[in-house]
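Trainee: All residue numbers in the sequence shown are consecutive under the UniProt record's numbering, ending with 114.
No wet-lab data here; the hints were simulated from the structure. Incorrect hints may appear among the rest.
[Claimed, not checked] Simulated pairs of lysine-lysine, BS3-like, Cα-Cα distance not exceeding 27 Å: (1) Lys88 x Lys112; (2) Lys45 x Lys35; (3) Lys44 x Lys112; (4) Lys11 x Lys88; (5) Lys112 x Lys45; (6) Lys11 x Lys35; (7) Lys102 x Lys112; (8) Lys88 x Lys66; (9) Lys11 x Lys45; (10) Lys44 x Lys11; (11) Lys102 x Lys88; (12) Lys102 x Lys66.
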Amino acid sequence: MHTEHEYTRRKRFHIQNSKKVDCPAKLYVRYVVRKYIAEEYRVKKGCVLEASRWTVGRMRTKAILKQVNGNDYGVFACKYADFLSQGKPLTFRQCYIPLFRKMMVWEIIHEKIL
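Assemble the whole structure, with the sequences as input and the hints as a guide.
Mentor: Right, here's the structure in full:
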């Protein structure tokens with residue numbers, strides 16, 4: 001059975017910034033995210049998603065995991081999506097990233113999700 005994700009029910013986008021630095025382009029990022037999601041929805045579902053009616057929020061700073069370098073954005077993004085899509089709290093830390101990277105490589109090579 002498919003369960004609709006909390007953010008979909010609440011019509012809300014969340015933007016995480018694991019580097020915890022201010023992003024001067026955040027309004028542009030919000031625009032691009034809304035546009036991308038609306039287009040993906042149109043292509044995949046064949047109908048219009050009025051993303052302009054959705055709110056954009058941020059998680060509390062304490063809830064966002066801190067990334068300590070500029071090399072791990074992709075892994076952080078994938079793990080955020082993985083944990084949030086399963087309704088899990090964000091409990092991983094930077095020290096887990098090398099393990100997550102190895103797991104992701106294995107999953108890609110073997111075409112299986114661990």
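Trainee: All hints are to be evaluated individually against the structure, with a verdict given for each.
Mentor: Structure-based check of each hint:
{"no.": "1", "hint": "Lys88 x Lys112", "in the structure": "holds (21 Å)"}
{"no.": "2", "hint": "Lys45 x Lys35", "in the structure": "holds (15 Å)"}
{"no.": "3", "hint": "Lys44 x Lys112", "in the structure": "holds (23 Å)"}
{"no.": "4", "hint": "Lys11 x Lys88", "in the structure": "holds (19 Å)"}
{"no.": "5", "hint": "Lys112 x Lys45", "in the structure": "holds (26 Å)"}
{"no.": "6", "hint": "Lys11 x Lys35", "in the structure": "holds (14 Å)"}
{"no.": "7", "hint": "Lys102 x Lys112", "in the structure": "holds (13 Å)"}
{"no.": "8", "hint": "Lys88 x Lys66", "in the structure": "holds (17 Å)"}
{"no.": "9", "hint": "Lys11 x Lys45", "in the structure": "holds (17 Å)"}
{"no.": "10", "hint": "Lys44 x Lys11", "in the structure": "holds (18 Å)"}
{"no.": "11", "hint": "Lys102 x Lys88", "in the structure": "holds (21 Å)"}
{"no.": "12", "hint": "Lys102 x Lys66", "in the structure": "holds (20 Å)"}
Hint compliance for this structure: no hint is broken.
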